[in-house]
Structures are given as C-alpha cells and as structure tokens.
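**Student:** Given chain G, put chain S in place with the hints provided.
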Amino acid sequence: MPFDTLSPRLKAVATASLSLCRNRWGHQGLRKEEPIDGSISWRPTYFLKPSRFEIIAVEVDDKIYTEVLKSAAHDIGNFDHPITVYQASPLDVFQNDPRMARIGLLRDHGFGIITVDDEGNARIQHTAQPLAQNILPTRFESDLSGLTQSLKIAFRAAYVTFQTNVGQGLQQAGQIVEGMIGSICSQAEANGTIATSAGSLADKIDLLYQSNHFRQYRGTLGGVRSFVREFRNTASHAPRSAKEAAEKIRNCKDGFLTGLRLAKQLREDMQRAGYIIRQFVP
Amino acid sequence: MTNELKQLAPDRIKRNPDNPRIFFRSEEMDTLTASIKRYGIQVPITVYQDGRHYVLIDGERRWRCALKLNLPSIPALIQEKPSPLRNLLLMFNIHALREQWDYFTIARKLPDVIGLFKKENRGREPTEIELSELTGLTRGQIRRCRFLLDLPEKYHEILARELSLPKNLQTLSEDFFIEMERALKTVNTRLPTAIRNMDTARDVLIQKFRSKTIKNITDFRMLSKMATSIGRVGMQEEKALEAIKQILNPQRKVGIQEIFAEHFEMRFDERKVLLSVDSIYEYLEISIDAEDADEISEELRGRLVKLRTLITRVLGR
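Residue numbers (numbering that gives the first Met the number 0), protein chains in the order written: chain G, 0 to 281; chain S, 0 to 316.
So here's chain G without its partners, still in its complex pose (with noise of 0.2 Å):
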C-alpha cells in the first residue's frame, strides 16, 4: 500500500501535497516510495518526472529538513537528472519551527516547502529548483565581498535571475565583466595605453593583454578571455538528454562562480594598475 509507512497524520499531508503536485507538474512518471536511483542515498516518499529533464521529488515528513535529505543533498546535486526536492509538512509544523531557522536551511539549500493544514489544503510556501543549481545565500553574500557597490548590486540581480534561470543567470554574469573589460579599455584608449577600444570582446582583452602596461595582470585577462568563450557555449547549449540538463545546470552554477571570482580579481588587479571601472554594463 503506498504511503503505508506514514502515521495517518502524515499519510493526509502526502495525499494532499501530491494532489497539489498533480496539478501543477502533472502525474508523469509518478512513483511512490521508491528510489529515484541506486546512487542517491534517500527514497523519497513520491517523485514526478514531469519532463525529460526534470524530476520533482517530495519528503513528508513532521521534521523540517531532516539529516537523510540533509545527507542526501550531494547525491541528488551529483545525480545524472536535474532533481527539484520539496519537503511537504502539516502547517503546523511550519508554523512552530522556532525562529523559522530550519525552514530558513531548508530554502537555503535549495530545497521547496509545502505545507498542508488541517482541512486538507496543500500550498506551495517556497518554490524550489534543480538542487545542483543551488548558490548558498550565505557564500555567494562571502563571495561578493571585495566588490564595488554597484557590482555588487548588478551580481545580486544575476543571482536572482540565476535561481530561475541558470543560462540567464550566467549571461547576466558574463554580461557584467564583459562590461568591466569595455570600461578598462575606454580608459586605457582614453590615456593611450592601447590604440583603440572598438572590435569584439575577444579582440578588447588581447590589446589588454598584449599591453606591456597590464603585462602583470595577464594571468586574469587569460581567466576572462576563457570565461567568456565558455559562459556563451554553455548559457546558450540546449540540451538533449537529461544527462545533459544536469551538466549544464552544474556548469553553468561553475561558470557563474567563476565570473563572480574573476570580476572579483579584475577589479583588484585594475584598481592596481590604476583603472576604476565606473561603468560595466556593457
């Protein structure tokens, strides 16, 4: 019997949740306590796979964020399938959690809440996306530091764009230090250091790089030139298989880090050299 596991209590909560999944992903693929793959450590209590290249899996459980989806979160980030995981819990639950603290973890992580109240009615609290695409709030907040105001506000709106769109989000990335280069390169025309600032992006960072004037600072116009060769393969590669889809979600959240890194040593590195990069949008 499916759900049998569960205390009368919590069977009602996966009943409900599931209607709710039902009509927003459909019953595709459904599957009831069995494992999403022998490599993840954790059975979810019902799973979805309302696309080729998703998988949406549920947790009914009375313990916000318990340790086996805590442990399971590497497995299912790693897993070969986007996977999207929501924990479903009587309202209450939610509602009693001191301080909001492990739901705060919980949505940090990346994972979705449910809750379903006494009469039955399930509600979406936190949407969630693909695991492996999660950025920690807390170390993409450390990983900005360093940064211009203005950066900073520029990298939190791609951050925000990336939660719902991985490709988006590292454009928007790439976008930025795009700009940072053509800033660089107005000044450095403007004083003579390099002839001209006009051609493509690749063309900007090999006259920076060619420069005697920015010779020391090669190391992270090689990182950018890089970067930006590969953010545009990868934001822009449809894919065709799950397998696929997985990958790109990891290379794009890599790429997006990456861009975040190297804005970060750009702006040092110029600031170094004398540049202040006022305006990088491009």
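None of these hints come from the bench; they were simulated from the model.
Since we're looking at a predicted model, the values are computed, not measured.
Treat the hints loosely; a few may be bogus.
In silico EDC-like cross-links for lysine to aspartate or glutamate, where the CA-CA straight-line distance does not exceed 16 Å [what the hints assert, rightly or not]: (1) Lys166(S) to Asp96(G); (2) Lys13(S) to Asp49(S); (3) Lys13(S) to Glu33(G); (4) Lys13(S) to Glu32(G); (5) Lys36(S) to Asp74(G); (6) Lys31(G) to Asp10(S); (7) Lys238(S) to Glu261(S); (8) Lys238(S) to Glu257(S); (9) Lys13(S) to Asp3(G); (10) Lys214(S) to Glu257(S); (11) Lys36(S) to Glu66(G); (12) Lys184(S) to Asp149(S); (13) Lys166(S) to Asp91(G); (14) Lys69(G) to Glu26(S).
**Tutor:** Only chain S this time, still in chain G's reference frame:
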C-alpha cells in the same frame, strides 16, 4: 534455516501487522537514520520467511531507516515462523528489555495477548502475574495500560492523534489520561453523585486542560484528594461535592488548583500538622517515662521552648 544471518534487500521485507508499535516519531527516526547513515546497521534485524518475502519480528525502525536511506541491503537474522502468540510475545519482550513502547501501544495489543493466551489455555484468562511474566512488563505498567485500555474508543482516537504529533505539538499525553482516569475513578467510587456522565466529565477536563485552566496533569491528584477528603480530613460531603461539581462545570473557568487551595488545602495541611504534633507528643511522653529525660539535647530543648511560646500565643493562656 533457523537463525541464519543474511543480507536482505529492504524491499523484500514486510512489516509485521502484529507489531504493537504504531508511532514512529520523526525526531526519533531522524536520529536513528543519521546514526545508520554514519555507522551502518550494527545489530541485525530479525525476520521470518513468508513465501518470497520476509516478515519483521524485530527491527522495524532500522528497516524503515534502511528504506529511507535507500540502502541496497540490511543484515537480518532469519528465524522460523513463530506461532501468533509467540510472535506477539517476542515483540513485547524485546521492548520490555530495550526501549519501552508507548503505554497506548501496549494497551492496544494487550487484549490480543490475552485472547491468544486464552486460545492456547482452554479459555482461561491470564492472571496479572502471568501477564507480567509473559510480556516482561511490571504489574504497575499493566495497570497503567488498563486505564488506557478501558477508555472509550473516542478517547483512543484522541490519544492516537496526539501521539502521532511531534512532541512539541502534543498537548494530551498518555500520562494525562492515566492521571485523569485515576482521579475520576476515585471520585466515582467515593462520591458517585458528583459525576453524572463519565464522558461529559472527561470532555470538560480535557477542554480545561487544553485551555490551561487545569495547569498540570498532577493536579488530578488533588481531585482525588478532594474525593477522599470526607473520610480523611473530615470535610463535609456537600462541600466536597459542590467543589468537584465546579471543576466539572464547563461554564466555570476554574481549575483544580484554585478549588483545592480555596477549600481543601488548609484541611490537608492541618492533617499534616496533626500527624507531626502526634509524633512530638509521642516522643515527649516516652522521654518523660524514660530515666534520661533530662538528657534532651540543648537544640531540641530550645526549639520546644520556642514552640511553647508560639502555642501560647496561638491558643491564648
């Protein structure tokens, strides 16, 4: 095949329908899951074979954790299929020696043990001692279970619903029902006219406890004291009756503590003092008769003098 140790896929194992344990609380399960994730299953579960599957005798929590953690296999000791009574008693005894079940869990299964015992013993019901020996429970535990068992089904449902909640959301506990039932039983025996309908009385007490008008489950002991106050501290029956009726009146927002403090506490305190006075009296009388009466210690002599002064002030010369 008996007591053979095997690695079994959790999906080949079924839960035992006779397992008395019905509550698997998330908090406890989560702790066990974390431990199993870290150290694995150190103690094999016990099962018996039933066709192509295996049925649990012991280890449902470990098996559930194995399923949740998607473990490929679990160590299991395979035993012969036990008789129905032995199946049940095995589970009772395992838990009597290890982590105790909820009383309600035991209470729900005790009639099965009694029924199966009767079947195997030509209809003879087990005595409390026999039941204790069979199940590994103490007689006190069995009596507590009986309080729960004797509750009408409606309250079984209320209790089951409460027990399935996480601990921090539970209001009513097994102890609540046990204390309440004890008190109501005493009231019903000593002052039968105080309770017209037991279920109505239960409902009022539950409602007053939920609304915190009754603050503590131990307050029910005061209710018992009120019922026994006529014989023990010479309370007038009408007064005791009236006090209990106030508690059982849903319209009156009054708890047990307040009524006890107002009408009974003094009487019970007086009784305590009386016993102490009797004890002092007896000691002094013995001291007078004894030859070493003069050898009362300075400390006691000092306190007795103080007491004499106080008594004179209270009673007058």
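**Student:** State for each hint whether it applies.
**Tutor:** Hint-by-hint comparison with the structure:
1. Lys166(S) to Asp96(G): Holds: Lys166(S) and Asp96(G) sit about 13 Å apart, inside 16 Å.
2. Lys13(S) to Asp49(S): It holds: about 9 Å lies between the C-alpha atoms, which stays within 16 Å.
3. Lys13(S) to Glu33(G): At roughly 15 Å apart (the allowed maximum being 16 Å), Glu33(G) and Lys13(S) satisfy the hint.
4. Lys13(S) to Glu32(G): holds, 14 Å
5. Lys36(S) to Asp74(G): The hint holds at about 13 Å.
6. Lys31(G) to Asp10(S): Within the cut-off at roughly 13 Å; holds.
7. Lys238(S) to Glu261(S): Within the cut-off at roughly 12 Å; holds.
8. Lys238(S) to Glu257(S): The given pair, whose Cα atoms are some 15 Å apart, holds under the 16 Å limit.
9. Lys13(S) to Asp3(G): Between Lys13(S) and Asp3(G) the Cα gap is close to 11 Å, so the pair holds against 16 Å.
10. Lys214(S) to Glu257(S): Status holds; Cα separation ~10 Å.
11. Lys36(S) to Glu66(G): holds, 9 Å
12. Lys184(S) to Asp149(S): holds, 11 Å
13. Lys166(S) to Asp91(G): Since the Cα atoms of Lys166(S) and Asp91(G) sit roughly 12 Å apart, the hinted pair holds (cutoff 16 Å).
14. Lys69(G) to Glu26(S): Status holds; Cα separation ~14 Å.
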